[in-house]
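Whenever a hint applies, use it, and build me the whole structure from the sequences.
Numbering-wise, the sequence shown is residues -26 to -1, 1 to 261 according to mature numbering (1 follows the signal peptide of the UniProt record, and there is no 0).
Hints may contain errors.
To be verified - When the alpha-carbon atoms are kept at most 25 Å apart in a straight line, the in silico PhoX-like pairs for lysine-lysine are as follows:
hint, residue 1, residue 2
1, Lys164, Lys205
2, Lys106, Lys60
3, Lys131, Lys184
As the list claims (entries may be wrong) - Label-pair restraints from in silico Cβ distances:
hint, residue 1, residue 2, range
4, Gly215, Arg167, 16 to 26 Å
5, Tyr136, Ser66, 40 to 50 Å
6, Lys213, Ser13, 29 to 39 Å
7, Lys135, Asp67, 49 to 59 Å
8, Arg167, Thr21, 53 to 63 Å
Think of the hints as simulated: they come from the structure by calculation, not from any bench. Glycine residues also receive a C-beta, built at the ideal position from the N, C-alpha and C atoms.
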Amino acid sequence: TMAGFALAAFGFGLVVAMLLPGLGLGDDFVSTRATYYGSPDCLGTPTGACGYGEFGRNVNDANVAGVSRLWKNGTGCGGCYQVRCKAPNVCSDDGVNIVVTDYGEGDHTDFILSPRAYGRMARPNCAPELYKYGVVEVEYKRIPCRYAGYNIVFKVKEHSKYPDYLAVVLLYQAGQYDVTAVDIWQEDCKQWRGTRRAYGAVFDVVTPPKGQLRVRFQLVSSVETTWVESKTAIPGEWKAGATYPNITIRRFSLHAYSNSLFLASAQFTEGQYGLSLNMRRNYELDL
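Below, the structure is given as structure tokens:
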């Protein structure tokens, strides 16, 4: 049986790590294969299919990857994974933590890693040997993304045309969630207006509302769906190519499903790695 509970928190700054204990942080690894792509500087690519641009080249110290099965029509963009290879005497125990920034298919591989990320799966001084494999057996699991010191950022894509066409991408998407929808508040109609996933992590809208733009976005994990609404807004005279950092939150709504029904009140606080949840449980009913 599924039961939901709703949590609301007001007046907190956004460092969206969403580290909710016990919600979808599985420990099971999945076996697959990984390879790496050519890069003269061993970094990511600014032309990745997620639409991150230079952010996708350098984020997470360039420990990035293109994926195939995990792409999910672009919903997989921004997801973080622990990937560790299984070559005897060459691979480290912990592997590397990567961010998905691109789409790519290889020789029965789920990950095409940046050269830097691929080499960091190796034990000390063993990276040259690992590169010789070209394709290597690996195992992976989803992990929360962590961007200490960064708030979520809205970037207006360079091909946007003020005021008639707006395309945005979310950067520094922390936590263990996929962004599945982005809405813009239509003040004259007093309702939310949906945008279109144009490609990858880029959402766009033709004839966007005039004035400052309030935005909300839907975050989905294996066990909950979360709507996060911005308190601060994108300026009314937004500019193509501009980034708007320090977005703060107006409301946090959570719908979770588990084997128990919780009726709870919640308070969110900022910490080094983002938001922590202090929940006062009123009662618990096992179903």
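The hints, checked one at a time:
1. Lys164 <-> Lys205: holds (16 Å)
2. Lys106 <-> Lys60: holds (14 Å)
3. Lys131 <-> Lys184: holds (18 Å)
4. Gly215 <-> Arg167: 16 to 26 Å: holds (23 Å)
5. Tyr136 <-> Ser66: 40 to 50 Å: holds (48 Å)
6. Lys213 <-> Ser13: 29 to 39 Å: holds (30 Å)
7. Lys135 <-> Asp67: 49 to 59 Å: This hint holds: roughly 50 Å between Cβ atoms.
8. Arg167 <-> Thr21: 53 to 63 Å: violated (30 Å)
When each numbered hint is compared with the structure, a violation occurs for hint 8 only.
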